[in-house]
Structures are given as C-alpha cells and as structure tokens.
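Listed here are the chains, written in short residue letters.
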Amino acid sequence: MSTAATEEQVEQVVVEALASFGAERDSISREATLESLDIDSLDLAELSQIVEEKFGIELKGSDVAEVKTVGDAISLILERAA
Amino acid sequence: MIADAHSDSVEPPRGQPARGAQGHPRGGVSEQGRNAASRDPAQGAWDPIVVTGVGAVSPLGVGARTLHERWCAGTSGIVDGEAPCSEFDPTQFLTVKEARRADRFTQLAIAACEEALSDAGWQHPSHGSGASSAAELPYDQRRVGCVLGTGIGGISTLVEGQDTLRERGPERVSPLSVPLMMSNAGAAALSLRHRLRGPTFAVSTACASGAHAIGCAMRMIQLGEADAVIAGGSEAGLTPLARAAFGALDALSKSGISRPFDARRDGFVMGEGAAVLVLERRSSAQARGARIIGVLLGYGASSDAHHLTAPRDDGVGQAEAMRAAMVDAGVQPEQVDYVNAHGTSTPLNDRSETLAIKAALGPHAAEVPVSSTKSAIGHLLGAAGAVEAVATLLALRDGVAPPTLGFEEAEQGLDLDYVPGSARPLRANGRPLIALSNSFGFGGHNAVLCLAAPAEKEGSQQEMDVPQQRKEASQ
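In the order they appear, the protein sequences are chains A and B. Going by the working numbering, 267 is the number at position 45 of the first sequence; the sequence numbering is gapless. Going by the working numbering, 478 is the number at position 475 of the second sequence; the sequence numbering is gapless.
Calculated from the structure, these hints are not laboratory results. Be aware that a few hints might be false.
[Stated by the list, open to error] Result set (DSS-like, lysine-lysine): computed pairs, CA atoms no more than 30 Å apart in a straight line: (1) A/K276 - A/K290; (2) B/K100 - A/K290; (3) A/K276 - B/K100; (4) A/K282 - B/K100.
[Unchecked claim] Here are some, though not all, of the chain B residues that point toward chain A, as calculated from beta-carbon distances under 8 Å: (5) R103; (6) E174; (7) L179.
Beta carbons are placed, not taken as given, at the ideal position from N, Cα and C, and that holds for glycine.
All chains, please: the whole structure from these sequences, using the hints.
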C-alpha cells in the first residue's frame, strides 16, 4: 500500500536516515554522491527498509544499485510513491 | 620500513617464504622441545614468536595495564554478581558508522586492538578521539592476519533481531543482523579497520576460544602464512538469554561471588571484555626496534572427548594440553614459575584443574603459584583466554603473582598455592620467568599457552616511548 508522499517528506526521511547511518549532516545535499558520504550497499538496504515502512513502497537491491547521489535516491522514491 | 597499507595491491606479496622453507611445522613433538618451524631457515637459529603489543578492555577498566594493576591491587570488577565493562565507552574508539555496524563484542575487540596496535608502535594512540584510523603496518598488508576468538558472537544482535521478528514481522528485521551477529564479525572489523589482508577468521571453542585463537595465530606465523597476526578474544554475552541459559546449566554462581578454588565456590560469574595481542617473529620485532612484552613459547591443545559440558573428573585432558604446551615450548615442569589457571569458580573445573596441574607439573605443582584472573573479573567466556594471556604476560614482566581474590577456605584435595590474599613477587631465578595460561571450554576443548617474560634488554627497548593510553591507564 503506497502512501502519497511529498518531496519534502521524502527528502526529510532520506536525510535523517543518511545522518543516522553516520554521514555528516552538513555534507548531505541532493548533489552529494553516496560514495562521498560513505554510504554503501548495507546502508541502502537499511534505507530501503525505512522507506518501505514510512511510505509503503518496496525498493529492491537492483533498484537502488543505480542510485549515485542523494537526489537520485529522493527521485527514485518519489517515482515509486507516485 | 612501513609497508604500503593502503595500496590494496594485487601484486604477489614480497618476501613470502616458500612453503616448507621453514621445515615441517611440527613434525610431531620436537625432541629439542622447541618447534622446528620457529627456526630461522637462514640462520638455523631459534626465532620465537613474541608479543609486541597488548590491549584489553575488561571489567577492571579500559587498558591492559589497568587490568594488571587493579588485579594485583586486589580490586574486583564484579558488581552485583556480574562483571560488565562499565568503564568502556564505544564512542571513544568508534565512529558512528563503525558503532552501528558492530555488536558490542566487536566494539570491545576494536578498542582492545587499538591499544595493542599503539602498544606495538603500529599506530598513534587514538583513545578518546573516536576517530577511526588504519594502523601503519610494518609488514605488507597481505602478510598480516587476524584471529579472534569468541564463544557466542553477537548475541545481543541475535536477541534484538528475534524480538523485532516477533513484534514487528520479518520485513523489519535489520539487514545488519547477520553481519553484526556472525562470530567472525570481530575479526572482520579489525581486518577492515586496519586493512589486514592476510588470513582472518574467528575461532570458537567456547571458553577456550581466546587461547585457541592465540595458539592458532602463533602457528600461522610459524608456518609462514603470515609475518604478524593480531590475535585475541572478545565476548559480550551479558544478556537475559545468556544468564538464563547458563543459569539453567547450574553453571552460574548463585551467590554472585567468584572465588576460584575456595571450598565455598558455587559457579562462575559472567563477565564481558576483550583482549588483543600483536604477534610477530622475534627477529622481525628486533629489526624494527620494537619493545618486546613477552614471548609466546608454546601452545598445546587437547580434547576430553568425555562430556558436552563437564570436564573429566581426573583432569587428564587438561593435563595433556598443559604438557603439550610445555613440550612445544621446550620447557620442563620445574621451569614453570606461575600458572594462570582457568579457575572458573565452578565446583567441577577447579577440582579437575587442580588434578591436571598436579599431573602436568608433578612434584613441582606444590611449589608453583597458581591464581585465577576470574577471581577479579569473572568469566569472560570466549575472551577469557586472551584477557588472561595479557594478564599473565604483564605479571611475568613485572615478576609478580597476582592473587586469587576471595580464596579463604581450602577444600580437601585442592591444596595448591592459590596465591590467597594479595599479590606477591615471583621468585627470580636469573632467567626470564615462565608461565602457563590454562583455558578449558565446554565441549571438552583444552588450550594452554606457555608464555615467558622478555629477556631483560628486550623488554626495556623503547621504554621511553610508552603509548599515551598506557600512561593514562597507569595513573
């Protein structure tokens, strides 16, 4: 069951999640690459779980494999939540 | 020479000796006693495995020196029938990311390793900074291994995952569950943090894990599989599940008192902690001017093949491991100056271990001080052997027999010198002091290390370069 999510909500969830994974909050921007934030596949697996719980959408490993930046992640979630 | 620890090179490591160049690793029991593989192939000289760094986090505090000094001072780390590492603050050693990705048993191992590497001069002390930094390895990273013992592994993570599964469903179980709870998580974390690319794995033999890990690491160097190995043990089992489980076995002390070898002993007190040792060949350590903390003279292991949890009443299996360690070390029973006993404070262990010591050391058993670290810190399960090896090394170096705290009432047949009351000097005899450190695990696994103090000049090298953490710990 998908819940309508605003871009602002998705961004907030993503930023909070990345910060909780250990990324420097000040370094988190839409342009920042996940690599530069030291976000790896395990973090993305956790992020997928958080997104699923918050917005009711399922992201598979193959979905997030293409995600390079924070903006990519937000866009992907919005696309699926639509 | 500092090898490039960060190259992640795929070139074959330089200087790797051809397999077999050092002779047959064991060749059965060496007649000379000293392991044939310890001989330098070029010079034919004995080249023992030495300890150049030690680190510990224990219920007595953070730091190997703290463990040694507080135990010798008669301090106990046991509070309300358990022995937690209450002075340990993971944020002083781990980044947020590392802490999230590490069960407590791994966090303890990382902290102990940090101290050991600083002690060995492989790393600047980072205690208190919370910074994660890789060691500057004095060897090619592919020639440095890691063996870490744990009895249970990430039990807190396991329990948490089970609770989540039950309460919130399978889709909420964390993807970090497996990488945190797996028994090799500690070894993996040390390998990752310090870019160790030699053989890395966990050893799990219940309460003998730490000693088996150190023995295994010693063999890896002797076999030429590694130039140095970071070895030790770690455990963080203070959970309601472990309490209930050990309680159901009647293994835990109902009185909450750890008093090994005392007539009133009624079980062990569960503790947590970790210890890590840096092992290398003496020739290599000397070449880089390292301070040598002690020598790992020998290792012996055996199995009871008797019962899943109980030792043999006669201690025969334990005695065999002690003998094997002495033979491996080329040490005669009369040369053993101190025994760091497994001494769990359980009725069965302390009786069978006493018989084992008598069988292994013969008449000399009556002369040897025997004490149990568990009297001060409880039973650290898979970390016990490593923490006790560190405590033994520092005791030898300082020439002191730490006490068996709480030992007051003798039981018939348990008549060794258990060092009651307070620490006392070990008898000097004009050569480096020698000790056995016993570890026996459920499953009937016995592992014994034979340790020696460094030769006088070795131990004093770099004495001016005491790492900061040690200085703080000894204040």
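Hinted contact B/E174 with chain A - closest CB pair below 8 Å: Holds, because the Cβ-Cβ distance from B/E174 to chain A comes to roughly 7 Å (cut-off 8 Å).
Holds or violated: are the alpha carbons of A/K282 and B/K100 at most 30 Å from each other? holds, 23 Å
Pair hint A/K276 and A/K290, alpha-carbon separation not exceeding 30 Å: The hint holds at about 22 Å.
Within a Cα-Cα threshold of 30 Å, do A/K276 and B/K100 meet the stated pairing? holds, 22 Å
What's the verdict on B/K100 and A/K290, does the C-alpha distance respect the 30 Å limit or exceed it? holds, 19 Å
Would the hint on B/R103 stand, with a C-beta cut-off of 8 Å toward chain A? Constraint on B/R103 satisfied, holds at 6 Å.
Would the hint on B/L179 stand, with a C-beta cut-off of 8 Å toward chain A? Hint on B/L179: holds, closest Cβ of chain A at ~6 Å, below 8 Å.
Of the numbered hints listed earlier, not one is contradicted by the structure.
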